[in-house]
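Asker: Below, each chain spelled out in residue letters.
Number of protein chains: 2
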Amino acid sequence: MTKDNVEPSARVAMVGAGQLARMTYQAAIDYGVDLHVLASSVSDPAVVGGASYSIGNYEHYLDLVMVSKFGQVVTFDHELVPPSHLQSLEEAGFQLRPSPKALAFAQDKLHARRQLKNFEHINVSVPEFIPVFSVEDITRFATNHGWPVILKARGGGYDGRGVHVLNNSGDANRFVFDTTNSSEPAWVLEEHLELAAEFAIIIARRPSGDLVSYPPIGTRQEGGMCQEVTMPAELPDEVTSEAIRLAKEIVIGIGATGICAIEFFWTTDGRLLLNELALRPHNSGHGTIEACVTSQFHQHLRAILDWPLGSTELISPAATVNIIGGPFEVNLVDRLPAALSVADAHIHLYAKKSRPGRKLGHVTALGPSVEQALETARATARMFKL
Amino acid sequence: MTKDNVEPSARVAMVGAGQLARMTYQAAIDYGVDLHVLASSVSDPAVVGGASYSIGNYEHYLDLVMVSKFGQVVTFDHELVPPSHLQSLEEAGFQLRPSPKALAFAQDKLHARRQLKNFEHINVSVPEFIPVFSVEDITRFATNHGWPVILKARGGGYDGRGVHVLNNSGDANRFVFDTTNSSEPAWVLEEHLELAAEFAIIIARRPSGDLVSYPPIGTRQEGGMCQEVTMPAELPDEVTSEAIRLAKEIVIGIGATGICAIEFFWTTDGRLLLNELALRPHNSGHGTIEACVTSQFHQHLRAILDWPLGSTELISPAATVNIIGGPFEVNLVDRLPAALSVADAHIHLYAKKSRPGRKLGHVTALGPSVEQALETARATARMFKL
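As you go down the protein sequences, you meet chains A and B in turn.
Under my numbering, the first residue of the first sequence is numbered 1, with each subsequent residue one higher.
Under my numbering, the first residue of the second sequence is numbered 1, with each subsequent residue one higher.
It cannot be assumed that every hint is accurate.
[Unchecked claim] Simulated restraints, written as ranges between beta carbons of each label pair:
hint, chain 1, residue 1, chain 2, residue 2, range
1, B, ARG11, A, LEU80, 29 to 39 Å
2, A, ASP334, B, PRO83, 34 to 44 Å
3, B, ARG161, A, GLN87, 53 to 63 Å
[Said to hold, decoys possible] Here are the simulated lysine-lysine pairs, BS3-like style, with alpha carbons at most 27 Å apart:
hint, chain 1, residue 1, chain 2, residue 2
4, A, LYS152, A, LYS101
5, B, LYS69, B, LYS101
6, B, LYS152, B, LYS248
7, A, LYS353, B, LYS69
8, B, LYS385, B, LYS359
9, A, LYS69, B, LYS353
Rather than coming from a laboratory, the hints here were simulated on the basis of the structure.
Beta carbons are placed, not taken as given, at the ideal position from N, Cα and C, and that holds for glycine.
Excised from the complex, chain A in its bound form (with noise of 0.2 Å):
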């Protein structure tokens, strides 16, 4: 049986099928987009979602060329490619959207760091920070910047992994580190910071140079994880409007393309600090699906596909919630009557197994006012714990 009734569609191939790819192909089936991911079970929630894919390991780079010829672009649910894979995808000619180039600062908080210092234009401000060799190195920075001091993964961690809140010199002495490579450290330490607030401003970049930013997203963390989300987030206009202005400025200094996440500390000592770059549809944007015009998801397809971006007007306050696996395993769907009686909110179900710490969902309301919204989704994400 063919398909010669079917259209021609654009094509896209992902690498990875979580949850982001998972809500990705929502979008793609509006625009009659193709998406093909790189899956690494049948289990996935995008697979599960019913997006195409092939399985593999984004690790290996036979299997990165497989998934990559079924688009006109490539894109990526996560940031965990091999850059030398990624680079390797870009000689052979695919079209990596972003690129390689920009994947970098999303991928190694060193390099974002070094390299954003330089970008004198910019003038973005990051946390104090050195790149740890060795237990000296931390008791040495905690001398001049106090402990606690954060010890962070170069690369790879999210979702809080990776990342280790030293309070003293004992707390230092349990991690051991490789001395032998003195020009790459796998680690880098920055001063603990009081917060005011953490947000996030979202940019989507086309490669023939438009651009547009949603309206700040108030995150709330804990342990590392992102539970909260508020839009908009509360912030004095100019601390606003300056990291709008910076989050632009680094999505084209980097050149980055497709939806990208800059996350910022707001200190409560007035400092305006870049934290760190995800270049991707970002967990604090799902509540875009529902609060703003365009969603960050058929965004990201806009994007990366260079089609005319869409308004990221704010129809309403909202609030999203996640829903993360408790210390028992509940069954969602068992749960799913209860909370849909709760109150008015979104619930979007990513079909994962509960485990302890696991992003299961998200629950997102709108709402008169962001408090109202967020007393929504909360009561509605509660009925999902046990």
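With chain A's structure known, arrange chain B on it following the hints.
Answerer: For chain B alone, coordinates are given in the frame of chain A:
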């Protein structure tokens, strides 16, 4: 490879795999619902959209059994399943939502009109009509009610198919009627109406009884096919409230479950008349995806699974314009970038090849007023025309 890492989910079987199934599938992903469709080919919109499927013919009982086994409930993307098969499926123990008894009201115009006239407590008016057995029936009716008259196939017609406007006895004489079966006429004749408005009331009802209604939706037909939809319909309050009362009574009276679209005529001489029923997500309700808190597709799943129903609140005035195939074949995906550049409309493509008169997609726009939303939606939809 097993899917043991995936949550067990609610399972819905849907007969039919067109755009309604495709959009129901997008909603099913949010709720982790496993939607399995009966498709006529792998080119059907819901199959291209990623739904799991069986290929079969809805006129073949065993194909219906095959797909029904996939669901804890069985629902429908059209009204074309033979009533005797529906009956047999129900007797075999499948949970059909809506039930065969309710579906008969959407399948058979004559049955619906005869029965609803008998629901005396509801007090619903329908256009003047007669069953038609002969050309003489037509001319006699026209003598009483004046030309033109409207001849409608009793069942199976939609999007204007099976509807004929007869302007004089010459038009009537072109039809040949089977006079061998005098008890089961294939045609219904009805009076021509001068319309002030056509509109639909969409209701969702759970098996356990709860029901909710959406705001009234204005529809503009052309050649019998729905072309444009406005939310809310511009109607006097008393017409709206009477229509909602009638729609609820009808849905309760016929025992329908799931989404029900109750279409009304409002005539220039002030009569509110029932037009017809559709017991499934309906073209007039596509704007609920963006304009209402709960889309008709999410709501249909909630209703047939007997889950709590969601808010039907209208977030903003909105309009939907269908993208309908014109005389020349166009590739919609080629036109998509231009359409995206027009304005901030929400484009939904159905992955169907262009054919004259075929519904290929739709565009919804929100706006400060229905008029502005309609202007935006029209301007966007126009970009898909040659």
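Asker: Looking back at the numbered hints, which does the structure fail to meet, lowest number first?
Answerer: none
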